[in-house]
Amino acid sequence: GAVVSQHPSWVICKSGTSVKIECRSLDFQATTMFWYRQFPKQSLMLMATSNEGSKATYEQGVEKDKFLINHASLTLSTLTVTSAHPEDSSFYICSATLGLAGVDTQYFGPGTRLTVL
Amino acid sequence: GDSVTQMEGPVTLSEEAFLTINCTYTATGYPSLFWYVQYPGEGLQLLLKATKADDKGSNKGFEATYRKETTSFHLEKGSVQVSDSAVYFCALGDSGGGADGLTFGKGTHLIIQP
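Chains A and B, in that order, are what the protein sequence lines are. Per our numbering, the first sequence starts with residue 1, numbered consecutively. Per our numbering, the second sequence starts with residue 1001, numbered consecutively.
Please keep in mind that the hints were generated in silico from the structure rather than gathered at the bench. Idealized CB from N, CA, C, for every residue including glycine. You can take every hint at face value.
Some chain A residues near chain B, calculated using beta-carbon distances under 10 Å:
1) Thr32
2) Trp35
3) Gln38
4) Lys41
5) Leu46
6) Met47
7) Ala48
8) Thr49
9) Ile93
10) Ser95
11) Tyr107
12) Gly109
13) Pro110
A few chain B positions that, by computed beta-carbon distances, are all more than 12 Å from chain A:
14) Thr1012
15) Leu1013
16) Ser1014
17) Thr1070
18) Ser1072
19) Glu1076
20) Ser1083
21) Ser1085
22) Ile1112
23) Gln1113
24) Pro1114
Whenever a hint applies, use it, and build me the whole structure from the sequences.
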């Protein structure tokens, strides 16, 4: 089956620093990748949709200058949390899809736990 | 906007019990509906899906039927096992393909006791 990895699996950083999270599709080319955020005991909230070679589309209320997304290749998307603050602490999850018409399946990474001190 | 409501957990059952996890949705158009499962320490995995009204998705003994009239997609299993212990998420996506993000419910933590 399709595998999506994330790196790192967890990260602790100081307030004001930037953190980069990688999302890779290991055995397929993903035309579209998604970034979600999950607070404890809450649902996953879509942050942005990333298509290879184009700018990401952000959901309402998500600061694009705060959460920088780059989708440089068909197997890699990165999320950079800039000038992180404690309120950015969360579980960040990516997913990838072939993006073919009629194919709904998204393959999810295991998530990255970010803790900002 | 679109939303998904699923029953709060945790749900604790004995092995071989019958399982129902309720899920209802609000959406414009004709969404596809999904159940994802998250085992401890792992990423979400697609359990089953249905893309149109009256479709039944099934996998690993789990079933869910897309009920447009009641806007529901309840998850059922006739006899649960300890290995089914996990968090289950109901989700919807716009019809037409995987190019759209999913809207998730809050998740239901299922605990199966031997």
